[in-house]
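I would like the entire structure built from these sequences, with the hints used as guidance.
Residues per chain are reported as follows:
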Amino acid sequence: MEREHFSKQFDNELNVIREKLLEMGGKVESMIANAMKSLVERDTELAERTIAFDHEINTLEMVIDEKCLEVLARRQPAARDLRFITLALKIVTDLERIGDQCANICKRARELNQEPSLKPYIDLPRMAKAASDMVKEALDAFVRGDDALAIKVCQDDQCVDELNEQIQRELLTFMMGDPKTISRAMKIIHVSKCLERIADHATNIAEMVIFMIKGKDIRHTIA
Amino acid sequence: MNNKVKLEQVNIHFGRTHAVRDISMTFPENSVTAIIGPSGCGKSTLLRSMNRMHDLVASARVTGKILVDDGDIYEKGVDPVAIRRRVGMVFQKPNPFPAMSIYDNVIAGYKLNGRLPREEADELVESCLKRVALWDEVKDRLKSNAMMLSGGQQQRLCIARTIAVKPEVILMDEPASALDPISTLKIEELIEELKERYTIIIVTHNMQQAARVSDYTAFLYMGDLVECGETKKIFTTPEEKRTEDYITGRFG
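Chains as they are written, first to last, in the UniProt record's numbering: chain A, 1 to 223; chain B, 1 to 252.
Bear in mind the hints are in silico, worked out from the structure with no lab data behind them. Be careful, since some hints might not be right.
[Unchecked claim] Here are the computed distance ranges between Cβ atoms for each label pair: (1) R18/A / E240/B: 19 to 27 Å; (2) D180/B / T93/A: 35 to 43 Å; (3) L89/A / G229/B: 44 to 52 Å; (4) R49/A / D180/B: 36 to 44 Å; (5) E240/B / V143/A: 21 to 29 Å; (6) G229/B / E66/A: 29 to 37 Å.
[Stated by the list, open to error] Far from chain B, some chain A residues (derived; all Cβ distances over 12 Å): (7) S7; (8) K193; (9) D200.
[As the list claims (entries may be wrong)] Think about it this way: if two alpha-carbon atoms lie no more than 27 Å apart in a straight line, the pair counts; the simulated BS3-like pairs of lysine-lysine are: (10) K241/B / K8/A; (11) K166/B / K130/B; (12) K232/B / K90/A; (13) K90/A / K241/B; (14) K216/A / K111/B; (15) K67/A / K232/B; (16) K67/A / K90/A; (17) K214/A / K233/B; (18) K216/A / K233/B; (19) K216/A / K241/B; (20) K166/B / K111/B; (21) K67/A / K20/A; (22) K27/A / K193/A; (23) K214/A / K241/B; (24) K233/B / K90/A; (25) K136/A / K107/A; (26) K214/A / K232/B; (27) K67/A / K111/B; (28) K214/A / K152/A.
Please read all numbers here as calculations on a predicted model, not as lab measurements. C-beta: ideal position from N, C-alpha, C; glycine also.
Put into structure tokens, the structure is as follows:
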């Protein structure tokens with residue numbers, strides 16, 4: 001267990017940031033699940049609600065940024081604390097982008113739900129589950145200081161990338177077979193791309209967690 | 001980079017107290033090395049050993065080697081006064097000579113070493129005061145008593161006095177801890193400029209100051225050297241848990 005600061009207030013401030021980040025992570029995970037549900041179950045009303053929900057993510061981003069800046073200004077953190085704060089500042093950006101990607105998925109869902117179904121969604125929910133798990137695990141790794149889990153997240157990204165490529169190939173055959181499917185297929189490809197980006201953001205977080213724990217920058221080194 | 005000062009297994013005792021334990025480290029030339037650590041960790045004691053200040057303390061015993069340019073300053077036959085000319089010292093509290101003018105303070109050290117023609121003295125005073133960024137503030141009152149200056153100005157005057165004898169190494173023991181924040185920043189700025197000509201070793205309680213001014217940082221704890229390395233590394237990713245706990249302000 002980590003030792004406490006001489007200043008209890010400093011510990012409290014760091015804990016608040018940690019908790020807010022987890023809260024934000026939980027909300028982002030539910031957004032991914034709802035975005036997928038709105039698409040698979042053709043629930044346009046849920047899509048609208050999820051788009052509106054993005055506002056809460058944006059608010060949390062601002063709150064966390066402000067708290068981090070305050071700690072930097074007042075405490076001049078060093079070493080582990082400095083790495084934690086700079087990491088928190090970067091994690092919120094990634095989480096906020098994930099929220100944006102979920103909103104994008106919902107917008108495509110809203111459009112796709114107006115048209116006849118092109119094909120049953122099978123790989124997309126799998127991909128969404130994988131990406132969502134990565135986000136969850138990256139944040140768990142962050143909270144628990146678990147670098148092994150963070151490394152796993154980086155490796156899992158490969159699997160999401162492969163699913164994305166597979167989905168694109170499959171939809172390409174639809175489009176070549178019947179040009180009337182192009183509009184819908186393009187939208188589904190966009191959804192797939194959004195999920196792939198979400199997994200990338202989770203990977204970014206995991207890489208930064210490894211830096212926080214080990215003090216070693218592994219970005220742009222794991223294939 | 002050339003190592004100007006080298007410590008080899010330095011131990012310092014005061015009577016039965018073992019204040020500095022077996023420290024070996026190097027101080028690169030033309031750089032600033034900060035020594036940090038909690039009160040009583042031995043950092044000032046270590047600093048003072050580097051220009052033989054403990055010679056005056058009967059109970060003090062220094063063993064091991066302290067090399068300046070590969071010459072051991074504790075070797076038999078070495079004149080401590082000659083060492084102190086090469087290794088200058090700036091103290092926590094500004095200590096200009098109270099009965100002397102600003103002008104005489106600057107050349108006080110130099111005069112001890114011999115006569116100085118008027119013209120050369122004028123030049124020396126001007127160049128030293130310029131180098132510590134005090135010239136513009138005092139050039140019209142060089143003959144006034146040094147005690148008329150503010151604390152920050154007095155400290156810069158003391159640094160001018162130190163560099164007047166053309167030392168190679170400057171030791172600074174908490175040089176800014178008695179000063180206000182602006183004077184502190186001026187001293188820090190000065191340290192940055194002085195390192196181009198001198199090797200600077202500074203003891204400080206203020207960790208942010210060490211982070212700001214130094215190229216290398218050594219962390220001492222209870223007489224031991226715990227960790228020494230690039231300041232950038234010590235303050236972002238130290239190797240040792242004890243260093244981490246100290247600089248982040250955790251219970252030790």
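These are the hints, each one checked on the structure:
| no. | hint | in the structure |
| --- | --- | --- |
| 1 | R18/A / E240/B: 19 to 27 Å | holds, 25 Å |
| 2 | D180/B / T93/A: 35 to 43 Å | holds, 39 Å |
| 3 | L89/A / G229/B: 44 to 52 Å | violated, 26 Å |
| 4 | R49/A / D180/B: 36 to 44 Å | violated, 57 Å |
| 5 | E240/B / V143/A: 21 to 29 Å | holds, 25 Å |
| 6 | G229/B / E66/A: 29 to 37 Å | holds, 34 Å |
| 7 | S7 | violated, 7 Å |
| 8 | K193 | holds, 36 Å |
| 9 | D200 | holds, 25 Å |
| 10 | K241/B / K8/A | holds, 20 Å |
| 11 | K166/B / K130/B | holds, 15 Å |
| 12 | K232/B / K90/A | holds, 20 Å |
| 13 | K90/A / K241/B | holds, 25 Å |
| 14 | K216/A / K111/B | violated, 54 Å |
| 15 | K67/A / K232/B | holds, 25 Å |
| 16 | K67/A / K90/A | holds, 13 Å |
| 17 | K214/A / K233/B | holds, 13 Å |
| 18 | K216/A / K233/B | holds, 11 Å |
| 19 | K216/A / K241/B | holds, 16 Å |
| 20 | K166/B / K111/B | holds, 13 Å |
| 21 | K67/A / K20/A | holds, 10 Å |
| 22 | K27/A / K193/A | holds, 21 Å |
| 23 | K214/A / K241/B | holds, 12 Å |
| 24 | K233/B / K90/A | holds, 21 Å |
| 25 | K136/A / K107/A | holds, 24 Å |
| 26 | K214/A / K232/B | holds, 16 Å |
| 27 | K67/A / K111/B | violated, 57 Å |
| 28 | K214/A / K152/A | holds, 15 Å |
Taken one by one, the earlier hints fail for this structure at numbers 3, 4, 7, 14, 27, listed in ascending order.
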